[in-house]
Amino acid sequence: MKFKHIWTVFKKELTDIIRDRKTLMTSILAPLILMPILLLFVGGSSEQMAREMTENITVALTTESNTPEARAFLEEKLAKQNPDIIIVDAVSDPWQAIQDKKAKLVVELDKDFEAKLASAQPIKMRVLYDRSLTRSSGAVSTLQETVNALNQAIAVERVTALGLDPQILTPVITEPENIARSGDGNLFMMMTLPMLIAMLVSIGGIPAATDLVAGEKERMTLEPLLTTRAGKMSILMGKYLTINVFSFASVLSTLAGMLLAFIIKPSSFSLGQGQLGGFALDPLALVLSLIITLLLGMTFSGVQLALSTYARSFKEGQTYLSLLTFVVMIPAYATMAVMSNEVQLYMFLIPILNTISAFKMILGGVVNYTGLFAAIASSVVYVFLTLALASWMFNKEKYMFRS
Amino acid sequence: MIELKQLVKKFDKALAVDNISFTVNKGEILGLLGENGAGKTTTLRMLATMLTPTSGTALMAGVDIVKDPIKARSRVGILFGGESGLYDRLTVAENIRYFGELNDIPLDVIKERTKKLADIFDMNDYLDKRAGKLSKGMRQKASFARAIIHDPDILLLDEPTSGMDVSAIRDVQDFIMTLKNQGKTVLFSSHTMSEVEKLCDRIAVIHKGKLVAIGTLDQLKQEHGTDNMDELFVKLVGGKS
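Protein sequences, first through last, are from chains W and U.
Residue numbers for the first sequence follow this note's numbering, beginning at 1 and rising by one.
Residue numbers for the second sequence follow this note's numbering, beginning at 1001 and rising by one.
The shape of chain W in the complex, shown without the other chains (with noise of 0.2 Å):
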C-alpha cells in the first residue's frame, strides 16, 4: 500500500464524481435546498396548529338555547373576559358548523340559567365540539380555562357578600417552577437531529459507493485499474477516502441545510413550541461526540464498499445498498422517542445508536463520558472489522470476477 497511489485514487474518484451532477445533487444539494423547505413547512404548520387551540375561539349557541340574555351572558362573562373567544350567530347542525368553520365550539345553556345563577346554584353549559378537528378539540381546554377564571370571580364575588376572606377559596396555592436543563422546545430537535446525523452519515456515502466499484465492474474499468502498480489495498484505500468524503459532506450540507432553516425562522427548530436552549455544550463532549459520528461514516463506508464489491453491476449494488438504507432507519426510528435521560450504556455500543445517543444527551443538557468513551472504543472496533471485509471481498477473485 503507497500513499501516493491512495492519493491518485482518491483525488480521480473526487473529480470524477464531483463531475456527476446526480450524485451531487443527490447527496449534497438537495440536503441544502430540502431542509430548510421541510422544517420552515413543519414547523410553520406545526405553529399554525397551536394558533387554532387559542385563539380565535369561535363559539355559538345551539338554536335552541339562542335567547338574547344567553347572547349577553357568553359576551359579558365569557368573551370579555378572554379576548379570544368570540361569540358567533347561532346555529341549528353544530356538527355542520363547526365542519363548516362557522365555530370551533357550540354551547348550549340551561334554559333557566338566570334563575339558576341568582339563587347561586350550579348552571350546566354543554359543550360541543368534534375531537377528530384538532382545532376544535383543543378550543375546549382554553374555553374550559376560561370557564374556571369565571367560577373563581363568581365565587369570590359570593364568598366576599358573604362577609369571608375569599383566600379561604385556595387552600394551597402551587407554585410549579421548571427546573430543566435544557429547553421546552428542544424536544423536537432531540428527536429529529441525532437521527438526521446518525442516518445521513450512514447512507450519505451510497451514491459514491455504488459508482465506486459496482460501476467500475459494470464500465469495466476494474480490469485495467487492477493491472496496474498500484496495488489492490491502495485502490480500496482511495475509494474508502472518498465514499467517507461523501458520508461526511452529505451530513454538513444537511445540517448547513438547518441553520438556513434556523436563520430564516428560529421557531421552524423548536415547532413553534417553547424556547431552545439548554445544550450541553460542554467541548469536550461535542467533541467526543463529532468522533463518534466520524468513526459511525467510517464504519458505514466499509459496508458500503464490501456490499458495491460483492454487486455484479451498478443496478445490483443500488439494491443492496438500498436494502442497507432500510436497516439504519430500523434503529434510528425505533429510538426517535428516547429522552436524552433515558439512553442505556449498552446504546453507546450499537453502531447507529451509538451517535443518536451522543447527540440527544448534548441536546438534553446531560453528559455521559463513559457511554462517550465506550461509543469511541466500540466503534474503533466497527471500522476495523468493516474495513477488513470490505478489504477482504476486494481480494476475493469470487466476488471481484462475479459477471
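If you're looking for bench data, these hints aren't it; they were derived computationally from the structure.
Among the hints, erroneous ones may be present.
To be verified - Pairs of lysine-lysine, BS3-like flavour, derived with a Cα cap of 25 Å:
1) U/K1067 / W/K2
2) U/K1184 / U/K1005
3) W/K4 / U/K1184
4) W/K398 / U/K1010
5) U/K1005 / W/K11
6) U/K1010 / W/K396
7) W/K232 / U/K1071
8) W/K232 / U/K1010
9) U/K1026 / U/K1071
10) U/K1115 / W/K11
11) U/K1005 / W/K398
12) W/K2 / U/K1136
13) W/K11 / U/K1133
14) W/K396 / U/K1129
15) W/K232 / W/K396
16) U/K1184 / W/K22
On the provided structure of chain W, position chain U as indicated by the hints.
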C-alpha cells in the same frame, strides 16, 4: 517475451485453464483462438495478474507473475474489450494520466508520452474533451493510449474487435501493427479466424481449458491438410468436443 509454465486455474471445481504452457517470443504477435468459454479470458487475466494461478506460473518479460505480480504489471498493458477502461467524466488526457500515475510514471514523462501518443493516434483535437462525449472510434483510440502510457513490453488484448464495425476493427488492427513495429510482444484473443490470419505470426488454439494446437498458420494448415481457415478451426476445436 511471455512464457506460460503449466498454468492452471480452477474455480471451485471447474477447471478453467488446464496445464497450459507455451511461449510468445519478443516482438511476436500470437493469436489465442478458442470458442467462448474456452479459457482465453481466464488465461489473459492470469497473465495480467488479476487472477492468481491455482498452480504453474508465467514469466512476463522475465518477471514471474506469482512471485512478483506488481513488477510484472509494469511490463504489461491490457485492453480487454474494444473501448474499455475509460472514465466518462474524465478527459482523455486525464484518463491517460491516471493510469500513468498509477504505474509510477513521472508526470513530465506522462505529458511527453501523451503528446506522442496523441500524434500517433491523431487525438490532438479531443485530448481535453471528456471521454463520455466522444465517438466510439475516438474512445477506442483513447483506450489504446491508456493501455500503453507506461510503455509496456507486452500487450494483452482480449477480443479487442468484438462487436465493432469495419472501420473500428481496422483501427484496432492498425494499433496492433503499430505495437509490432515498436517491438512489443502481443498476445491477443479472438474467435475470428480471418483476423488472426491477417495479423498473427503464430496462433495458439485452446479448447476447454487445454492447449490443442500451436504454430504458424502454414504449419497448422499443413498438419491438418486444409487451406480453409474456418475448416481448420473446426478441425482443431470441433473435433475435440
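Of the numbered hints stated previously, which ones are contradicted by the structure, given in increasing order?
3, 5, 12, 14 and 16
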